[in-house]
Amino acid sequence: MDDRLDSEFYSRDVLYVAPALLGMKLIRCYPAGEKEIFIISETEAYKGTEDLACHASKGLTARNRIMFERGGHLYLYLIYGMYWMMNVVTGGRDVPQAVLIRGLKEIYGPGRVTRRLQIDGSFNGEDLLTSRKIWIEKGIKKTQITAGPRIGIDYAGEFWKNVPWRFYLK
DNA sequence: AACACGATTTCG
DNA sequence: GAAATCGTGTTT
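Read in order, the letters of the first sequence correspond to residues 92 to 261 in the numbering used here.
Bear in mind the hints are in silico, worked out from the structure with no lab data behind them. All values reported here derive from a predicted model rather than from experimental measurement. It cannot be assumed that every hint is accurate.
Stated by the list, open to error - Straight-line C-alpha distance at most 27 Å; calculated DSS-like pairs for lysine-lysine: (1) 196 with 224; (2) 126 with 196; (3) 261 with 233; (4) 229 with 196.
Stated by the list, open to error - Now the in silico label distances, taken between C-beta atoms and shown as ranges: (5) 127 with 252: 32 to 40 Å; (6) 203 with 122: 14 to 22 Å; (7) 92 with 143: 33 to 41 Å; (8) 245 with 92: 42 to 50 Å; (9) 128 with 152: 14 to 22 Å; (10) 243 with 106: 14 to 22 Å; (11) 249 with 122: 43 to 51 Å; (12) 233 with 156: 30 to 38 Å.
All C-beta atoms in this analysis are idealised placements derived from N, C-alpha and C, irrespective of residue type, glycine included.
Let the hints inform the model, and build the full structure from the sequences given.
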């Protein structure tokens, strides 16, 4: 097999997993078999039904149902009619949390990440524990981690808009 | 059935 | 600064 991260890791709280993913290796294996390795450099945490910026704040819907699965699944959704956002679900079943992969080394922006890695809605529900197309492995030595407010969520209100749940490497 | 809008990116 | 572009959630 490979050295992919296990179920125990993804089952932890999103506020542990989001910063922990920084520096880790995202492995993408394309249909023809070629493999690419990227270093995760920017993430954001979306936590549960209280977090007004989280899609789960209004409960279970057709779109966000994967967020209610156990940690380790991918949650993909389309934004602005043209960009796919890739999220790693965390926590246990019926604990709706996810980490948005905002950036990789040399790839800045969540929409650019999915476009570059050829990831779309067909990856919604993909299981990082068993997938042959994509998974994550322990990565490089941790460098300095910075935290700040999340991007593009002005609609969530003063408190949730300012919570420092965006994490990135220098 | 109709409408409003978004966890963004790109162009002028 | 503003357009592009469409699935989803909400309202009618």
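Point to revise | Given pair status - residue 196, residue 229, alpha carbons within 27 Å | key: Satisfied, since the Cα-Cα distance of roughly 15 Å is no more than 27 Å.
Point to revise | C-beta pair residue 203, residue 122: status relative to the range 14 to 22 Å that was hinted | key: Holds, since residue 203 and residue 122 (Cβ atoms, about 21 Å apart) stay within the stated range.
Check your understanding: Holds or violated: 33 to 41 Å for the Cβ distance of residue 92 and residue 143?
Key -> With Cβ atoms ~40 Å apart, the hint holds.
Practice item. For the pair we were handed, residue 196 and residue 224, check the Cα-Cα distance against 27 Å. Key: 20 Å, holds
Check your understanding: Is it true that the C-beta distance of residue 233 to residue 156 lies inside 30 to 38 Å, as the hint says?
Key -> 33 Å, holds
Check your understanding: Do the Cβ positions of residue 249 and residue 122 conform to the proposed distance bound of 43 to 51 Å?
Key -> Holds, since residue 249 and residue 122 (Cβ atoms, about 46 Å apart) stay within the stated range.
Practice item. Mind checking the alpha carbons of residue 126 and residue 196 for me, to see if they're no more than 27 Å apart? Key: 16 Å, holds
Practice item. Could you say whether the range 14 to 22 Å given as a hint is met by the Cβ separation of residue 243 and residue 106? Key: 19 Å, holds
Check your understanding: Are the Cα positions of residue 261 and residue 233 separated by 27 Å at most?
Key -> Judged against 27 Å, a Cα distance of about 11 Å means the pair holds.
Review point. Holds or violated: 32 to 40 Å for the Cβ distance of residue 127 and residue 252?
Key: Roughly 34 Å apart at Cβ, these two residues keep to the hinted range, so it holds.
Check your understanding: Per the hint of 14 to 22 Å, is the separation of the Cβ atoms of residue 128 and residue 152 within bounds?
Key -> 34 Å, violated
Point to revise | Whether the CB-CB distance between residue 245 and residue 92 falls inside 42 to 50 Å | key: 44 Å Cβ-Cβ, so the 42 to 50 Å window holds.
Taken one by one, the earlier hints fail for this structure only at number 9.
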